[in-house]
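J.: Work the whole structure out from these sequences, hints included.
Line order of the protein sequences matches chains G and E.
Count the first sequence with this note's numbering and you get residues 1 to 785, in order.
Count the second sequence with this note's numbering and you get residues 1 to 253, in order.
Just so you know, these hints were derived from the structure itself, not from any lab.
What you are looking at is a predicted structure, and each value in this text was computed from that prediction instead of being measured.
Backbone N, C-alpha and C fix where the C-beta goes; we use that ideal spot for every residue, glycine too.
Mixed in with the good hints, there may be bad ones.
As the list claims (entries may be wrong) - Each computed DSBU-like pair below joins lysine-lysine, with the alpha-carbon atoms no more than 30 Å apart:
id, chain 1, residue 1, chain 2, residue 2
1, G, 291, G, 312
2, E, 27, G, 291
3, G, 537, G, 13
4, E, 170, E, 14
5, E, 14, G, 72
6, G, 244, E, 170
7, G, 72, G, 50
8, G, 72, G, 126
9, E, 27, G, 106
10, G, 106, G, 291
11, G, 244, G, 72
12, G, 244, G, 304
13, G, 50, G, 126
14, G, 452, E, 170
15, G, 60, G, 50
16, G, 173, G, 13
17, G, 452, G, 15
18, E, 14, G, 126
19, G, 126, G, 106
20, G, 60, E, 27
Stated by the list, open to error - Chain E is nowhere near these chain G residues, computed Cβ spacing over 12 Å in every case:
id, residue
21, 5
22, 97
23, 126
24, 178
25, 215
26, 418
27, 423
28, 439
29, 495
30, 522
31, 620
32, 689
33, 692
34, 705
35, 770
What the hints assert, rightly or not - Beta-carbon label-pair distances, calculated as ranges:
id, chain 1, residue 1, chain 2, residue 2, range
36, E, 73, G, 537, 30 to 40 Å
37, G, 654, E, 183, 32 to 42 Å
38, E, 183, G, 713, 24 to 34 Å
39, G, 715, E, 1, 49 to 59 Å
40, G, 492, E, 90, 33 to 43 Å
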Amino acid sequence: MSGNGTGIGASVKRKEDTRFLTGRGRYTDDVNLPGQLYGYILRSGMAHAKIGTVHTDAAKAAPGVHAVFTGKDMEGVGGIPTGWLIHSKDGSPMVEPGHPAMAIGKVRYVGDCVAIVVAETAEQAKAASNLIDVEREELPAVASIEAAEADGAPLVFDEAPGNVCYDWEVGDKAATDAAFENADHVVSIDVVNNRLIPNAIEPRAAIANYDPATGEYTLYTTSQNPHLVRLLLGAFVLGLPEHKLRIVAPDVGGGFGSKIPHYAEEAILTWTAGQLGRPVKWTCERIDAFKSDTHGRDHISTAKLALDADGKFLGLHVSTKANLGAYLSTFATCVPTYLYGILFAGPYTTPAVYCEVKSFFTNTVPVDALRGAGRPEATYLLERLVDKAAHELGLDRVAIRRQNFVREFPYQTPVALQYDMGDYDATLDLALDASDWAGFEGRRAESAARGKLRGIGISTFIEACGIAPSAVVGSLGARAGLYESGSVRVHPTGSVSVFTGTHSHGQGHETTFAQIVSDMLGVDFDAVDVVHGDSAKIPFGMGTYGSRSLAVGGTAIYLAVEKVIEKGKKIAAHLLEASVEDIEFENGSFTVAGTDRSTTLGEVALTAYVPHNYPEGLEPGLEETAFYDPLNFTFPAGTHVAEVEVDPDTGEVELVAVTGADDVGRVINPMIVAGQLHGGLAHGIGQALMEECVYQDDGQLETGSYMNYTMPRAADLPSFNINHNTTLCTHNPLGVKGVGEVGSIGVPPAVINAVIDALRPLGVHDMTMPATSQRVWQAIQQAQG
Amino acid sequence: MDEAVAALRGGGAKLIAGGQSLLPVMKLNLAAPSDLVSLAGVPGLADIADGGDSVTVGAMCTHAQVAGSTIVQTRIPALAAMADGIGDAQVRNAGTIGGSVAHNDPAADYPAACVALGATIVTDRREIHSDDFFQGMFMTPLEDDEVITAVRFPVASRAAYAKFANPASKYAVAGVMVAQRGDTVRVAVTGASGDGVFRVAAMEEALEACFCGESVAGIAVSSDGMLSDTAAGAEYRAHLVTVMAKRAAEACE
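T.: What follows is the structure, given as structure tokens:
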């Protein structure tokens, strides 16, 4: 591993940026097929209603219209499945209602698919949709967790009494209760984790085609995991065998989790193309993206921490209510459970942890993974609670954290996870130093002289990435494996194609994976291309989410390269007339150990494809595939520090500084890692200070556009101070952990802790995300009576 | 101009200047004019003229033009600064003063500038003082076929605009222009009220008595009739009016 040039550890400029920055990216909406028609999805404007006949005659007669289909037309086609079965405390399976691709009998959220109009142009399809008359009877809606659990609340599904999907738990309740009985102090907190709208820059789109000659369907779609879409769409919805269903996710402009799920529109488009025998294209408008892309977060929690007299954590008890929305999206059910409850040890040695989660159906957009998916919710609660404990016990915020750090690895937590490696003191020290924590009081005084309130906040956190292993997640209810495939094809003249089942939609896989392969094989970086996103080209894949691509997908590629080298050694041994055991491979050359006799990878590759002088019994060709099923999660960790300045007149919070000290494992490309950290931090800061999805009581989406849903802009953010302390993951050969979600997990509690720190002198001790200027102003007003 | 006015007669046609308000409404199917009559080809509507004690800004001047105009920057710097804070760069390069004034959006910036500075709205057929022009949310005395040609701003002895912007849309939540001409002070507020721009007499009197930020810092405006949305409820808006008035006055000092 060279560590410089273009190898592992080098900040190589991204291969993919040449096309992205010059307008040559090929996104789903750029795909056009001969004879294509355009689909427009008519969505429910009511949050909850019985629907009767959907009158489509007028729309069908409109100019350019080829067809109109409704839920009734698709009746008999399978519903949209969910990917994880959760069991309640009493052992019963979760309530799993059907999810028809287009509504049948009832609509359950504003945005629910009601009909598709297919026309010659997108404008004709949209115009004709206005002519559809839906017989409907509005029903009272439940638009929040509070409304869903109220006595006598309207039911989203008749089969889900109390609108409850499941009532889950993890951890040892008896041991945790005992810890509280023996505690010197108990500190409690109530927190809300605000609902977010994902807002990838590229709206979702799809174009489907059916070839009657081969019976094959092709769907181009904006997906983070095309093979997963094939599995769900093929096996569960349309009943198509894999070899007759090709899914292509070409360039995708951001996902953040919102492009993980298999969406109803993908099923509707594919089915419609089959009905019409012509390609059908659909591109979501931004206004519809707000009400149809899966949303994220949306928890209400109460928690308590038991401590001894010195501030040592003895036990943690968490009760959470989670909003799942109107239907169970693909990973909706596991996000607030197995991606949440098992994170509550954090970086601390708390010996007893118990977490219970009750999840509710509501008449809102389905909720699924969003950058961090469960881990930001857990980290926010824990780090707010630890800060509160320090304040109530009169202990130093840093000291109480340090006092409770895990220091011996591997560490078995009381909530299932086993941390393989970390050094939490090192990242804490680094962050304190880099943020000049010690010099803060001077800065606070300087701000005060200008009439401003300055605050500093910290969060020390771990995350769990690269969810695994398959057998374990299977035993917990996952309906898919969580391994990854990688194929490495060395071409006859020595260039290399790499095929990965992960999907890049901003992460830079084409660069990072090429660095690994070129470094390992000693071939030129530009001689390696990475192929992804097409089920017809890739052996199999589980896609990209949960910061898994490098740790799981990169490892599969690593193992495939090792297989290539092993085979190459056999060919080289034959060419060099030596024994295989004596062949060493380094920097692209096979050498007989202790001699100057060598041959290059290029010669070996050519020999593999022109096998005139070749080892007996060895297959020609030089291409290997590896499937890697990880042994454990990876555990990135770190410390984030935020510093804010509050204007007491307006309540405005200015984020003055953000410092990160992160352990993300081995860094393949520091520039890409910095970019991932920056993006995650912006996302986390958006949640902490700006973003909030608001529903009205009747289920109308109040924040349905950029007029009132605030996304962070560059001008809202300071320059980020990023630092690394690396410990290597012990159970994958590259020692990598994951980085894509770090910012959105670690920084929100640091920001809110900073806001509270700024406001404490005024008597404010709590703050709800997002800390908007109005919310801060109101808190000041209340505290001052 | 005659051609444009003629085209506006006869029903469903709508005048388009920069299109920054009309096009979003059309995209949402909330308006569907039969024809769009563009003023882009009418000569002389994008000039800025220094009239000595006033500055006349052509209706088709973009916000960026007003912000960048040496005449405006020199004669009424507060107006140039206000224009430079409208929306974002794309909006400022497309949106026009005439379009903004004619639309009379309760969260637009220009109405506050017009009222505080005592501007006159010049149309193809008459002149209307801003006191008579802004008649409530989206309401003006303009006829359906009437076209604004310019806005004439008297030069103030001192003026400043302070805005608290909606963090998402960047429209004014509370925008206050304070302007003094001779002994007269005007304080005009946009963004806050459901009735559009309004003046605060108590603040004007206080500033006429003693022109400094502290004079208005203690003058509260009622939250009755204030707009209320996710970013700012009525009480918060009313509070922000006072804070912005103080800041505008301080900026004049």
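J.: If you check each hint against the structure, which ones fail?
T.: Hints 1, 5, 6, 12, 16, 17, 23, 32, 33, 34, 35, 36, 38, 39 and 40 are the ones this structure does not satisfy, whereas the remaining hints hold.
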